[in-house]
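Starting from the given sequences, assemble the full structure and let the hints guide the process.
Numbering-wise, my numbering puts 65 at position 65 of the sequence shown, and it's gapless, one number per residue.
Honestly, the hints are just simulated from the structure, not real lab data. Treat the hints with care, since some could be wrong.
[Stated by the list, open to error] Dumping the calculated DMTMM-like pairs for lysine to aspartate or glutamate here, alpha-carbon to alpha-carbon at most 25 Å:
#1 Lys133 to Glu57
#2 Lys30 to Asp93
#3 Lys4 to Glu57
Just so we're clear, the structure is a prediction, and the values are computed from it rather than from any experiment.
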Amino acid sequence: MIPKIIHYCWLSNDPIPKDLKKYMKSWKEKLYDYEFILWDLNRFDLNRSLWVKQAFEAKKYAFAADYIRLYAVYNYGGIYMDMDVEVIKSFNDLLRNDYILGYEAAKGLEAGVFGAPKKAPWVKEVLEYYTSKEFALPNGLYNDTPLPIIMDEVLNADYITNKKIVPLPTDFLTAKSYKTGKITITPNTYTIHHFAGSWKSWDEKMKIIIARIIGTKLTHILGNARRCIIGKK
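Structure (C-alpha cells):
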C-alpha cells in the first residue's frame, strides 16, 4: 500500500514563488491527513549522489531534483509532486495500487506526479539509471536527459510493454496540455500539472516538448548524437 506521504523538492536559495504557494495550498486542503516532506539541502546529502552534486553545482536544480524525487519515493514510499501541481481530489482510492503513474500526453510519462509503496522495484530500476552516470560530461556538456524520457526508456523496456504497469490516461494526473496550456478536468482528475518549470531553462523545456512530438527514443538518440558530435570538436 502507498503511504500517505507527499514528497516535494526545493533546492534553490531563492524564495518559493507565489504561484507555487497557491498550488501548494490545495495540497493541504485536499490532502489534510497526509504527511508532507520537503526535500532540501538540510534533508538530502549532496555527497550521496555524484549526479545530484554535479547538477546542483551547475545550478541545474531540476536535474538534481529528478534523482531526489525517485530516492524519496523509493526509500520512504508515498507520492512525489512538483510544486506547480494543483490537487483536485484526494489520492486515497489509489493508495492500494502498486503504483500511481500516468501519461502526461499521448507520448511521455508524467514525472511531476507519481507514487509507489516503499522499495517498489519499478522505482528502483529508474533510480539505478543514475547510479553509474555523471551529470557533467568530459566534453563540457551535461547529461541533460529529462526524467520523463528516462522513465519512458526504462519502464517501456519491461513494465509497460508487459503490462505490469498500465499508466493512467492524461486526464488523471496531468489534465493540461504542455503545448497549448489547455486544461481539461474530468471526473477522473486528481491533479493538474501547471508546468511552471521554475528551474527549467528554455533548452530543457524544448527538449521535453520535442520528446512529446517525435517520441522519447528518437529524442534520446538525437541527444546522444549531439553530444558525440560536439565532443569531437
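Verification of the hints:
no.	hint	verdict
1	Lys133 to Glu57	16 Å, holds
2	Lys30 to Asp93	13 Å, holds
3	Lys4 to Glu57	32 Å, violated
Hint violations for this structure: number 3 only, all remaining hints satisfied.
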